[in-house]
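With the hints as constraints, model all of the structure from the sequences given.
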Amino acid sequence: MAANEMIGIARQAKPPRQWLKWLTARLEVRMLLLAILIAVTLSFASPYFLTTINVLNLLDQSVVVGIVAIGMTFVILTGGIDLSVGAVAGLTGIIFGLVVPSLGLPVGALVAIVCGGLIGLVSGVLISYFGLAAFVVTLGMMSIGRSLCYIFSGGISISNIPETLSDFVYTKVAFIPMNVFVLLVLYLLAYLYLGYTKGGRTIYAIGSNAEAARTAGLNVVGYAILPYVVSGALSAVSALLLAGKILSVDPLAGNLLELDAIAAVVIGGASLFGGRGSIIGTLIGVFIMVMIRNGLNLMGVSPFWQGSAIGAIIIAAVLVERLVSRRGAR
Amino acid sequence: MFQCRAGGPARLSSEGKMQAVAAKETLFTASGVEKSFGRTRALADASITLRRGEIHALLGANGAGKSTLSRVICGQILPDAGDIAFRGKPFSIRRARDAIDAGISLVMQETSLAPDLSVVENIFLPELGRPGLTRFGEMRRKAEDILSRLGQRAQLPLDGDVRALSAAQRQLVEIAKALALESDLIIFDEPTASLSPGEVERLFDIMVKLRDEGRALAFVSHRLEEVFAVTDKVTVLREGRTVAADVATAKLTQTELIRHMVGRELSQIYMERAPSSHAEKPVVLEVENLKSAPLVRDVSFGLRRGEIVGLGGLVGAGRSETLETIFGLRRRDGGWVRLNGKPFAPRKPAQSIRAGIGFVPEDRRRQSIVPDLSVRENLLLAHLGAHRGFGLAYRQRDQKVRELLDMLGLPADRLLDASMLNFSGGMQQKIIIARWLMLDPAVILLDEPTKGVDIGTRSSIYAMLRAIADRGVAVLIVSSDFDELLGICERVVVISDGMSIADMPSAVLDEEKLTLLAAPRTSMERNVRFLRDLAATYRGAAFWGLIEDEKLFCLKVAVADDRASPGFGNGAAVDFSQTRIPAALAAAKSQFVAEAHGKLNTLIVDVAGSRGHAMGAAGLVLPCDIDPPDTARLAAAIQAHYAAHD
Chain A
49 MAANEMIGIA RQAKPPRQWL KWLTARLEVR MLLLAILIAV TLSFASPYFL
99 TTINVLNLLD QSVVVGIVAI GMTFVILTGG IDLSVGAVAG LTGIIFGLVV
149 PSLGLPVGAL VAIVCGGLIG LVSGVLISYF GLAAFVVTLG MMSIGRSLCY
199 IFSGGISISN IPETLSDFVY TKVAFIPMNV FVLLVLYLLA YLYLGYTKGG
249 RTIYAIGSNA EAARTAGLNV VGYAILPYVV SGALSAVSAL LLAGKILSVD
299 PLAGNLLELD AIAAVVIGGA SLFGGRGSII GTLIGVFIMV MIRNGLNLMG
349 VSPFWQGSAI GAIIIAAVLV ERLVSRRGAR
Chain B
38 MFQCRAGGPA RLSSEGKMQA VAAKETLFTA SGVEKSFGRT RALADASITL
88 RRGEIHALLG ANGAGKSTLS RVICGQILPD AGDIAFRGKP FSIRRARDAI
138 DAGISLVMQE TSLAPDLSVV ENIFLPELGR PGLTRFGEMR RKAEDILSRL
188 GQRAQLPLDG DVRALSAAQR QLVEIAKALA LESDLIIFDE PTASLSPGEV
238 ERLFDIMVKL RDEGRALAFV SHRLEEVFAV TDKVTVLREG RTVAADVATA
288 KLTQTELIRH MVGRELSQIY MERAPSSHAE KPVVLEVENL KSAPLVRDVS
338 FGLRRGEIVG LGGLVGAGRS ETLETIFGLR RRDGGWVRLN GKPFAPRKPA
388 QSIRAGIGFV PEDRRRQSIV PDLSVRENLL LAHLGAHRGF GLAYRQRDQK
438 VRELLDMLGL PADRLLDASM LNFSGGMQQK IIIARWLMLD PAVILLDEPT
488 KGVDIGTRSS IYAMLRAIAD RGVAVLIVSS DFDELLGICE RVVVISDGMS
538 IADMPSAVLD EEKLTLLAAP RTSMERNVRF LRDLAATYRG AAFWGLIEDE
588 KLFCLKVAVA DDRASPGFGN GAAVDFSQTR IPAALAAAKS QFVAEAHGKL
638 NTLIVDVAGS RGHAMGAAGL VLPCDIDPPD TARLAAAIQA HYAAHD
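From first to last, the protein sequence lines are chains A and B. Numbering (this note's numbering) for the first sequence: 49 to 378. Numbering (this note's numbering) for the second sequence: 38 to 683.
Warning: the hint list may mix true and false statements.
[To be verified] Ranges between beta-carbon positions, derived for each pair:
hint: 1; chain 1: A; residue 1: Glu259; chain 2: B; residue 2: Trp373; range: 22 to 32 Å
hint: 2; chain 1: B; residue 1: Gly426; chain 2: A; residue 2: Val155; range: 28 to 38 Å
hint: 3; chain 1: A; residue 1: Leu320; chain 2: B; residue 2: Val545; range: 53 to 63 Å
hint: 4; chain 1: B; residue 1: Arg78; chain 2: A; residue 2: Glu259; range: 50 to 60 Å
hint: 5; chain 1: B; residue 1: Leu115; chain 2: A; residue 2: Leu81; range: 32 to 42 Å
hint: 6; chain 1: A; residue 1: Phe352; chain 2: B; residue 2: Ser73; range: 14 to 24 Å
hint: 7; chain 1: A; residue 1: Leu237; chain 2: B; residue 2: Leu195; range: 53 to 63 Å
hint: 8; chain 1: A; residue 1: Leu320; chain 2: B; residue 2: Glu62; range: 26 to 36 Å
hint: 9; chain 1: B; residue 1: Arg178; chain 2: A; residue 2: Ala357; range: 54 to 64 Å
[Claimed, not checked] Dumping the calculated DSSO-like pairs for lysine-lysine here, alpha-carbon to alpha-carbon at most 30 Å:
hint: 10; chain 1: B; residue 1: Lys488; chain 2: B; residue 2: Lys328
hint: 11; chain 1: B; residue 1: Lys318; chain 2: B; residue 2: Lys588
hint: 12; chain 1: B; residue 1: Lys385; chain 2: B; residue 2: Lys488
hint: 13; chain 1: A; residue 1: Lys246; chain 2: B; residue 2: Lys588
hint: 14; chain 1: B; residue 1: Lys385; chain 2: B; residue 2: Lys328
hint: 15; chain 1: B; residue 1: Lys385; chain 2: A; residue 2: Lys246
No lab work stands behind these hints, which were simulated from the structure alone. Treat the numbers as computed from the prediction; the structure is a model and nothing was measured. The beta carbon of each residue, even a glycine, is placed where N, CA and C say it ideally should be.
Take a look at the structure:
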């Protein structure tokens, strides 16, 4: 959806009314408006919300789910789903904790990311090559991953993560912490990949109409596997950033992360049937979720209510989107 | 051109008219119907009157509003304005259920079946919406009854899932579904689009039967010959308005109808065929004994540069599968394909595309259009498939995109349209063809290129194909519309039951001959057995063929005694003088004729199919020393055989 306009073509100058229409016709713009609306509302509800510290805090809280949501966007664009991201994040975190004393930081991080990618490769091959249902395969992977977390860790957290990782994560790059910088760079790369490469467009085409994509000679099997590899590897990246933040890895880390990631992608306007969605939308979806959590905390709402609030927002966002786009389509 | 298909039904409809003259009660009227979708005005001032005992044709070019009007009639769409009366009372349909309960049903163009339910369940799908228990045993019996009435009991596995059915079989389920409702008013929205000529005839039989039972039938079709074959009245829509209402079909000519539909005269929808001068051009694609289980069994033909060749045959004969095998979408189990003289064995489409083959599949929505990509990206999709590299390289093709847009007559800003689905079927098809032209292919394979495309756009697609061929591209077309096949192709390869059985220039063919050649193997086998028996019984030779203008076109010959050999073989098109029985062929009367050379005695009988349409001639050749049997009885027996099953 987004990428139709991304693809460069000589754009004629449009009269202002048309520009407005073009803007509101775009899902990301509508979602951005929603995000701004929520931010304004919350800043009225809590004077603390729009302070620099809290904004930095918001960004910091967006990192883990935000990075996982990139992989999830890739997967959902092909019409699949990846339920294993939370478990993969937990497992790769444990693997990192186990190998880092002997291998050191850079190699240990690489091992964790490669392990995440390999798990995704297995899921992807089972789903794309053998034609198994994505829901079932990744559900199985989730169960296996979480079980291995406990086996490898012996059921307890590992807290020998070198402090250099924490220093790295909170190094400032142009006034923003490294972990937020990594988040933004990854989003930029994902945006470019999905919009401007053969692989990215193939991912959209597979989700929209795989048979037409195959007939046109696109590598349907390969590019349906790739999103799972990306998703697994990025789960490991988010696990590393999380480990750097709290300086320990826990077998329960990343629990229910998949639900937050799927929610962010859906709020960001992607269709679970594939073919429709954008990486910018996902990023806005992540911010909306994190802002609501943070806002409710600031207002002193019981954490027990947060689940209900997030759930209601997901359903409302999808409902509004459905009503708006139906009106636009006719 | 259409005698073969039209002969039978025309006869039947005149009988029907006599019965129906007595009472033609008006069942349904709609007038001043308006309907807009957003800014698109689908119906502006449409009207139609349907009577019991009549088959009413609803005609119009694509986008004229035929489908919208038929969906208004059956309650699927609420009109913005207009008066509708059913059984003499004002009728307001608020939902589809109301129409079903009132006795109106629709046999749809795009199939509306539930793929995971069985055939029986689909036939009775509307019943499942009613309260109460479902009796599967009873449903099964009723379904069997309906399918036997359709003459298709053997065609459909009642308990099989609809998912596994072919397009033609699904259409049959649709028709059975409407019949199961025992509706008084049945709208057939292009029910013949994916039926073979034999199936179309059976459907027409049923439609005539339903009409004579006193039902009102509306028939939406692009195929004019079908309208003339089966309908009593015609209503023509143009741009959402009724431009000709309730005209008796018999009073119209094809040209008048086309003029009503397009608002201008279409002098000729097919392009002038260039004189066949391709014999010396190099062969680009050679197919030899191609096999791909289960549908492609033994297909051979060649395709020259700049030539348009048709693959003719019935639905399910293995034509589409032949294309898919050549293109690498289907596994090849045997035989060869040679491209530019070199063996060519693609395992996936990307290889064929890079080798210079393009493929336009039959089902646009399912196999060609990527709905979430823009028109531009859809146009560039095959480029992306052929492109090696990480990026898109769309800009390399900018020049070519502009050229193709000119050819399509599409303004450049429509390229940015977010979806191809807003275009008419004809424009969609042209964009898909252009997708392949983007790559300057050596060969382009097209499967039913004008399916669901109106007459006006069809002629521009034909012109486009002609222009492609003139540029040296070899074009291979599969079409179920024999008239179209003969109109645009220079040569037709006939496929029957997975085997190529004839390869001849269009000039020596017509629809009748094609229909005969394409007859499925089962009936062919019966005929072969019959001819063989005939030859053996009388110790001579028997043949079946078409006789026309000093030419014999032999479909099948069986020789029991070499002395009686008529001097031609299967699939031969020969002048009388080239055979051993010129006198008998020239006389062609139902009695034995002796040849001048005094060696052979030949009986030739004209034969006709079960609906009375001509099936050519059957002959028995005997050596002169054998006494001819009882001519009259023998002739009657031969005719009875052909009339029994066609």
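The hints, checked one at a time:
Taken as a hint, the range 22 to 32 Å holds for the pair Glu259(A) and Trp373(B), whose Cβ atoms sit roughly 27 Å apart. Here the CB-CB span from Gly426(B) to Val155(A) is close to 32 Å, well matched to the stated 28 to 38 Å. Between Leu320(A) and Val545(B) the CB atoms are about 57 Å apart, so this pair conforms to the stated range of 53 to 63 Å. Distance hint for Arg78(B) and Glu259(A): a CB-CB separation of about 34 Å, inconsistent with the stated range 50 to 60 Å.
Under the hint 32 to 42 Å, the C-beta atoms of Leu115(B) and Leu81(A), about 33 Å apart, fit the expected range. Between Phe352(A) and Ser73(B), the C-beta spacing of about 50 Å breaks the proposed range 14 to 24 Å. A hinted range of 53 to 63 Å holds for the C-beta pair Leu237(A) and Leu195(B), which are about 55 Å apart. Taking the beta carbon of each, Leu320(A) and Glu62(B) are about 52 Å apart, not inside 26 to 36 Å as hinted.
At about 56 Å, the beta-carbon gap between Arg178(B) and Ala357(A) stays in the expected band of 54 to 64 Å. Distance check on the hinted pair: Lys488(B) and Lys328(B) sit about 26 Å apart at the alpha-carbon level, within 30 Å; holds. At most 30 Å may separate the alpha-carbon atoms for a hinted pair to count; Lys318(B) and Lys588(B) meet this at roughly 28 Å. Note on Lys385(B) and Lys488(B): the hinted pairing holds, with a Cα-Cα distance of about 26 Å set against a maximum of 30 Å.
Distance hint between Lys246(A) and Lys588(B) is unfulfilled; the C-alpha atoms sit about 58 Å from each other, more than 30 Å. For the hint pairing Lys385(B) with Lys328(B), the CA-to-CA distance comes to about 17 Å; that is within 30 Å, so the pair holds. Between Lys385(B) and Lys246(A) the alpha-carbon distance is near 18 Å, which keeps this suggested pair within the 30 Å criterion.
When held up to the earlier numbered hints, the structure conflicts with 4, 6, 8 and 13 and fits the remainder.
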